[in-house]
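Between the sequences and the hints, there should be enough to build the whole structure, so can you do that?
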Amino acid sequence: MLCALSAQAGSLSVMPVVVALSDHKVREAITVTNQGDERVTTHVDVVSWTQSDGKDVFAPTTDVLLNPGVFTLEPGQVQVLRLGWRGKVPLDTERTYRILLREVPPAAPAQRSPGALPSQVRVLLELRIPIYVAPRQVVHRPEWQ
Numbered sequence: 001m002l003c004a005l006s007a008q009a010g011s012l013s014v015m016p017v018v019v020a021l022s023d024h025k026v027r028e029a030i031t032v033t034n035q036g037d038e039r040v041t042t043h044v045d046v047v048s049w050t051q052s053d054g055k056d057v058f059a060p061t062t063d064v065l066l067n068p069g070v071f072t073l074e075p076g077q078v079q080v081l082r083l084g085w086r087g088k089v090p091l092d093t094e095r096t097y098r099i100l101l102r103e104v105p106p107a108a109p110a111q112r113s114p115g116a117l118p119s120q121v122r123v124l125l126e127l128r129i130p131i132y133v134a135p136r137q138v139v140h141r142p143e144w145q
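So for the sequence shown, our numbering puts the first residue at 1; every next one is plus one.
In case anyone wonders, no lab produced these hints; they're calculated from the structure.
Do not rely on the hints blindly, as some may be mistaken.
[Said to hold, decoys possible] Simulated restraints on C-beta separations:
1. Q35 - R136: 14 to 24 Å
2. A107 - Q145: 25 to 35 Å
3. Q145 - P68: 41 to 51 Å
4. R39 - E94: 18 to 28 Å
5. A20 - A59: 16 to 26 Å
6. L125 - D92: 13 to 23 Å
7. M15 - G84: 11 to 21 Å
8. L124 - K25: 28 to 38 Å
9. R136 - D37: 42 to 52 Å
10. H140 - G36: 35 to 45 Å
11. K88 - P68: 42 to 52 Å
12. R141 - P68: 38 to 48 Å
13. G54 - V17: 20 to 30 Å
Since we're looking at a predicted model, the values are computed, not measured.
Glycine residues also receive a C-beta, built at the ideal position from the N, C-alpha and C atoms.
Encoded structure:
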């Protein structure tokens, strides 16, 4: 059984949290909701994703098209991200990518209000959503140890 999973980090909620594409499904929509009480601006990018020595390696790619690349959500607002596979289908092996959603820091206020603290620390959100592009024919090669 397949189900649409969602995740919440900071004030943003994202659904689904995993994207699976194939030669039968080359497009997907992702819903981002601002569940907080402040405006949030987000920059979105897609990178190829591999691993080397157990560490994630990200590289620029044009295989997956995503729109919009930057958006601002008021509290309670919803944004639909649309993505599409532009690579060659069918594939010989599975390809993996990540959607990177990064919160853009708000502009610094021009003037501080009376009694405001001289500096503040703000933690910015980054979400990484995996994209899996399946090969045309899946070959199972289990290895037992």
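### Query
Range hint 11 to 21 Å: satisfied by the CB atoms of M15 and G84?
With a Cβ separation near 18 Å, M15 and G84 satisfy 11 to 21 Å, so the hint holds.
### Message
Looking only at beta-carbon atoms, does the pair R136, D37 fall within the given range of 42 to 52 Å?
### Response
holds (47 Å)
### Task
Given the range 25 to 35 Å, decide if the beta-carbon distance of A107 to Q145 lies inside it.
Between A107 and Q145, where Cβ atoms are some 55 Å apart, the hint is violated.
#### Entry: Range hint compliance [Cβ, R39 to E94, 18 to 28 Å]
With a Cβ separation near 38 Å, R39 and E94 fall outside 18 to 28 Å, so the hint is violated.
### Query
How does the Cβ-Cβ distance of K88 and P68 compare with 42 to 52 Å: does it lie in that range?
The hinted range 42 to 52 Å is violated for K88 and P68, with Cβ atoms some 25 Å apart.
### Beta-carbon spacing of Q145 to P68 - inside the hinted bounds 41 to 51 Å or not
Check passed, 46 Å falls within 41 to 51 Å.
### Query
Between A20 and A59, does the C-beta distance stay in 16 to 26 Å?
holds (21 Å)
### Task
Indicate whether the distance between the beta carbons of L124 and K25 respects the range 28 to 38 Å.
holds (32 Å)
### Task
Could you say whether the range 20 to 30 Å given as a hint is met by the Cβ separation of G54 and V17?
holds (22 Å)
### Query
Is it true that the C-beta distance of L125 to D92 lies inside 13 to 23 Å, as the hint says?
Violated, since L125 and D92 (Cβ atoms, about 36 Å apart) do not stay within the stated range.
### Task
State, for the Cβ atoms of Q35 and R136, whether the hinted interval 14 to 24 Å holds or is violated.
Cβ of Q35 to Cβ of R136: about 39 Å, so the range 14 to 24 Å is violated.
### Query
Lying within 38 to 48 Å: is that true of the beta-carbon distance R141 to P68?
Distance hint for R141, P68 holds at roughly 40 Å.
Checked against the numbered hints given earlier, this structure breaks hints 1, 2, 4, 6, 11; the rest are met.
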